[in-house]
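S.K.: Just so you know, the protein sequences line up as chains A and B, in that order.
First residue of the first sequence? That's 1 in the UniProt record's numbering, and the numbers climb one at a time after it.
First residue of the second sequence? That's 1 in the UniProt record's numbering, and the numbers climb one at a time after it.
I should point out that these hints are in silico values taken from the structure, not numbers from a laboratory.
Be aware that one or more of the hints could be misleading.
[Unchecked claim] Short, incomplete list of chain A residues facing chain B, as computed with Cβ under 7 Å:
| no. | residue |
| --- | --- |
| 1 | MET156 |
| 2 | ARG159 |
| 3 | THR163 |
| 4 | ALA164 |
| 5 | SER168 |
Model, not experiment: these values are computed from the prediction.
We put the CB at the ideal spot given by N, CA and C, even for glycine.
There are 2 protein chains.
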Amino acid sequence: MTPAAPTPAYRRLSVEERRSQLLTSALDLFAHRAPEEVSLDDVAEAAGVSRPLVYRYFPGGKQQLYEAALRSAADELQHCFDEPREGPLLPRLSRALDRYLTFVDEHGTGFSALLQGGSVVETSRTTAIVDGVRRVAAEHILSHLGVTGPGSSLRMTIRMWITAVEASSLIWLDEDKQPQAEELRDWLVEQFVAMLTVTARRDPQTEALVRALDEDVRH
Amino acid sequence: MTPAAPTPAYRRLSVEERRSQLLTSALDLFAHRAPEEVSLDDVAEAAGVSRPLVYRYFPGGKQQLYEAALRSAADELQHCFDEPREGPLLPRLSRALDRYLTFVDEHGTGFSALLQGGSVVETSRTTAIVDGVRRVAAEHILSHLGVTGPGSSLRMTIRMWITAVEASSLIWLDEDKQPQAEELRDWLVEQFVAMLTVTARRDPQTEALVRALDEDVRH
Chain A
1 MTPAAPTPAY RRLSVEERRS QLLTSALDLF AHRAPEEVSL DDVAEAAGVS
51 RPLVYRYFPG GKQQLYEAAL RSAADELQHC FDEPREGPLL PRLSRALDRY
101 LTFVDEHGTG FSALLQGGSV VETSRTTAIV DGVRRVAAEH ILSHLGVTGP
151 GSSLRMTIRM WITAVEASSL IWLDEDKQPQ AEELRDWLVE QFVAMLTVTA
201 RRDPQTEALV RALDEDVRH
Chain B
1 MTPAAPTPAY RRLSVEERRS QLLTSALDLF AHRAPEEVSL DDVAEAAGVS
51 RPLVYRYFPG GKQQLYEAAL RSAADELQHC FDEPREGPLL PRLSRALDRY
101 LTFVDEHGTG FSALLQGGSV VETSRTTAIV DGVRRVAAEH ILSHLGVTGP
151 GSSLRMTIRM WITAVEASSL IWLDEDKQPQ AEELRDWLVE QFVAMLTVTA
201 RRDPQTEALV RALDEDVRH
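One chain only, chain A, in its complex shape:
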């Protein structure tokens, strides 16, 4: 009737394309609302498809959709950590943090809801997905640092810093993204070195690492 009006595109998509389109729409909704406030209807509307179609892809309903969206966000987040193993170490960490903070910036509310827990769609499976990302982050850091057999002090320090990064990015979202991402990034890199330096006082493995980081900065 009104051919000029924008209509949702019903073009034929492959199963994978359709699934990915639905997940993108869902992630976009989760980025602005808490998971429990997103319905399958909302996703259908956002993607411009029928509700039965959303159900066909996610017969487990909202919970299944949420987990699939979370897994897709987790994959995307893990890509932030891909960084070539060349050049000085701290700038590599800075670049990974830049990508991470961009991700946080784009996924706002959904990211907070996810990390803060307390959502009605939170289960031990969703927690396992989030823990998986933390584990991958720790492995990346250790691998960049060239450590193969990390002792418990070093592992604890790295995991503590990762948690601190999460906490600070939640606070950052709460505080209307102040300070600027670049400043937050530099501060986090400095916290990384400071935390390792404390551990280095009682752990030879970490001490050797801190010395290497220091040499790295001088060259």
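Given the coordinates of chain A, assemble chain B onto it according to the supplied hints.
M.R.: Just chain B now, with coordinates in the frame of chain A:
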């Protein structure tokens, strides 16, 4: 018939005493099992009372019991932060950490389940209880530091350290409570100073605090 056999004490308790007895039994169970694995039957058995009695006190069932137990644990945890405002600052922090680590030690599994989320009894209300404890911890620290109008850099640093303390105590439980609590405590105090020192480089309020802490250590 066999008067020598130990029987549960059915003595008359006041409503408050009974409630507190049930919560103590529940907390004890939550300390060794994940919340979803504790039933009202278990609590009745542990407290040596009938199941209907447990239901009379917690008509909302497991969820209500869990929240009440959590709130009671949160109150107990907050007492760890009570520390007289006298003497050097860092030893005050050490003493509060000692009490905190004793609490973590005693509440083991329940404490992890609580902080890690992903439990089926996790809701926005339980999250709010946990966040409340974090907020109280931050207020205590700021008050001991003598800060009344904390800027965002200082607040972020304190909250980051609190999260780091939580993370490290979870890891500590995972790693069979290694290192010794005293060593973990000293390391956490040093991390506190190190994190503040990094922030001090760009924030005058934090810089003044770090100078005061430093003076404190010298005297």
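S.K.: Would you mind marking each hint as holding or not holding in the structure?
M.R.: Checked hints:
1. MET156: The hint holds - MET156 (chain A) has a Cβ within 7 Å of chain B, the shortest such distance being about 5 Å.
2. ARG159: 6 Å, holds
3. THR163: 4 Å, holds
4. ALA164: Cβ of ALA164 (chain A) sits 5 Å from chain B, so the hint holds.
5. SER168: 5 Å, holds
In summary, the structure agrees with every hint in the numbered list given earlier.
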